[in-house]
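J.: Sequence:
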Amino acid sequence: MGIADVVSLLGGLAFFLFGMTLLGDGLKRVAGSKLETILGKLTSNPVKGVLLGALVTAVIQSSSATTVMVVGFVNSGIMQLSNAVGIIMGANIGTTATGWVLTLAGVEGEGGFTSATVFAFIAFVGIILYFFCRKQTQKNVGLILLAFSVLMSGMQAMSSAMDPLKENEAFLHFISAASNPAVSLVIGLLVTALIQSSSASIGILQALSITGAISYEVAIPMVLGMCIGACVPVLLSAIGANPNGKRTAIIYLYFNIVGSALFMVPFYLAHMFMDFEFMAQPASTLGIAVFNTVFKVAATLVQLPFTALLVRLAVLTVKEKGGEEDEEFEENLLDERFLDYPPLALEQSGRTVVLMAAAAMKNLNRSIELFTTFSGEKYEKILSRENVVDRYEDKLGNYLFHLNSRGLNERETLVSSHYLHCLTDLERISDHAVNLADLAKEMDGKSVSFSPDGLEDMNHSAGAVQEIADLAQQALVREDIEVALQVEPLEEVISTMLEGMKLRHIRRLQNGVCTLEMGFIINDLMNNFERVAAHCSNVALAVLELRYADLQFHNYARGVRQGDQPEFRRWLAFYQKKYLRSASSEQK
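Residue 56 is where the sequence shown starts when you use our numbering, and the numbers rise one by one after that.
By construction, these hints were calculated from the structure, which means they are not laboratory data.
Every residue, glycine too, gets a C-beta built ideally from N, C-alpha and C.
Some hints could be false.
As the list claims (entries may be wrong) - The calculated DSSO-like cross-link candidates involving lysine-lysine, where the alpha carbons are at most 27 Å apart (straight line), are: (1) Lys633 / Lys557; (2) Lys417 / Lys450; (3) Lys632 / Lys557.
Stated by the list, open to error - Now the in silico label distances, taken between C-beta atoms and shown as ranges: (4) Ala325 / Phe456: 54 to 64 Å; (5) Glu432 / Val503: 15 to 25 Å; (6) Arg367 / Asn235: 33 to 43 Å; (7) Ile536 / Val173: 45 to 55 Å; (8) Lys632 / Ile561: 23 to 33 Å; (9) Phe73 / Arg586: 46 to 56 Å; (10) Asp449 / Ala628: 23 to 33 Å; (11) Val62 / Arg602: 47 to 57 Å; (12) Lys374 / Arg466: 35 to 45 Å; (13) Arg625 / Val503: 40 to 50 Å; (14) Gly431 / Lys374: 34 to 44 Å; (15) Thr427 / Asp525: 14 to 24 Å.
Using the sequences provided together with the hints, build the complete structure.
T.: The structure is reproduced here in structure tokens:
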């Protein structure tokens, strides 16, 4: 095997791996961006889990990728550990699809019509669809055809480059040593751990088998080793996960080890006494695909009734660490494993925004309560919750920054931008809640209080601010357009209300009813109320912008500014009647 053969082998490997990646991407695009999220909706039925895991893996062309996603689901609490076992087993079956596709590489026809001719024709059709069709679906089909051709071309290039190996003495000596099942298994494990794909490593084995240089005595244990080697990227992905996330990766490892052991021990004992003749025969691409499939299906059927034992073994292996965790900050929702699957990452980002909104609004309500009855313990809880909100902003902001670099489509980019806008406003609402709590603490420390009329004004405006915060939260959580449309009118009413409150406060100062010291506090309180209402308005507008097309949203915004938006006028009148005082009361 000369230098030219080595270069051809490396080039074929490059085409093969690139074709696999491209094929998986194309299939995912055709299947839709929601493919990965299906896994998170799984019921507790393990049989359905097996079928679903097999289906998803057959599409994305990687059992490791499917299992890494499952580790993320369990780590973030979307999926129970017991539900994950079926998907892991199904992923092992789904990955055999690639081996069956690769058996086409050695097909020959009559009259010189070879498989290479077929792949060339498929590539030609693919390039026409990809370059000349306008619909994205047709382009994606073209991409799949091109990827398939690249994959098969790489397979054939590797086979041609390795053909001289069947006469190479050093290689034949190596194969002789590898006829030991343990050695062959370790080789398969190491190769798969290196390239991090059992589908790719089995494809390489099939390419080598076309030369006729390896027998089933070498190929069978090598396939088993490749199944175990596929666990390496999953185990690496579980580093830093919570205990259940690590247990999911361990279950994948145990499943493959147990399956391999259950096959090897009885099979090789029988081989010792019965001497299976086929073991000495050259392995074929079809034979490797058949064994790979039969083994993985059999391993699943044998172990499926014992999923509870696999879970228990994983729990015994990975112990739960002691110590208390922050109950409010759900850091595991933003699992970095999901960054490669934008629909999942955005779904988890949305859940995080909902939790952040709940914490911010809770802080606002608790801080307003301090003006009625101040409590040092409640004040400290507000500060603690503000730290939680700050952590959400920091964690989610960084998460979305990394996600935006992953090539999002137009809709995903819009959703990501929506979350970024909302988290900034939610964090500012929590900041203003802390400012209000500080004012309540200052009043308690200085033993000052509102005048009766001032207290009435404060309670009245606080009620409106709490209502607008509740509306903004509902609109954000439910993506409710009807609720979002109520926020902007109420924000305008609150601005008018606070202006009236300021005028009445000045009159009380002039009449000596209110002290100058309380005047500064009330002025700060009104400023914080006004800013909270403005940030709630921003959140509601972000919800409207997400739902409507750009033109519709800008028409609505322009209509609000010009006062010719019927829905806006209707709610404005409603809140004016509810919160604005009559002209006579303004004179008090």
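J.: Hint by hint, say whether it matches the structure.
T.: These are the hints, each one checked on the structure:
1. Lys633 / Lys557: Holds, because 19 Å separates the two Cα atoms, which is no more than 27 Å.
2. Lys417 / Lys450: holds, 20 Å
3. Lys632 / Lys557: Holds: Lys632 and Lys557 sit about 20 Å apart, inside 27 Å.
4. Ala325 / Phe456: 54 to 64 Å: holds, 58 Å
5. Glu432 / Val503: 15 to 25 Å: Given about 21 Å between the Cβ atoms, the range holds.
6. Arg367 / Asn235: 33 to 43 Å: Holds, since Arg367 and Asn235 (Cβ atoms, about 34 Å apart) stay within the stated range.
7. Ile536 / Val173: 45 to 55 Å: holds, 52 Å
8. Lys632 / Ile561: 23 to 33 Å: holds, 26 Å
9. Phe73 / Arg586: 46 to 56 Å: Given about 53 Å between the Cβ atoms, the range holds.
10. Asp449 / Ala628: 23 to 33 Å: Since Asp449 and Ala628 have Cβ atoms about 42 Å apart, the given range 23 to 33 Å is violated.
11. Val62 / Arg602: 47 to 57 Å: holds, 55 Å
12. Lys374 / Arg466: 35 to 45 Å: With Cβ atoms ~43 Å apart, the hint holds.
13. Arg625 / Val503: 40 to 50 Å: The hint (40 to 50 Å, Cβ to Cβ) holds, given that Arg625 and Val503 are roughly 41 Å apart.
14. Gly431 / Lys374: 34 to 44 Å: Hint holds: Cβ distance 39 Å, inside 34 to 44 Å.
15. Thr427 / Asp525: 14 to 24 Å: Between Thr427 and Asp525, where Cβ atoms are some 18 Å apart, the hint holds.
The structure fails hint 10 only (numbered hints given earlier).
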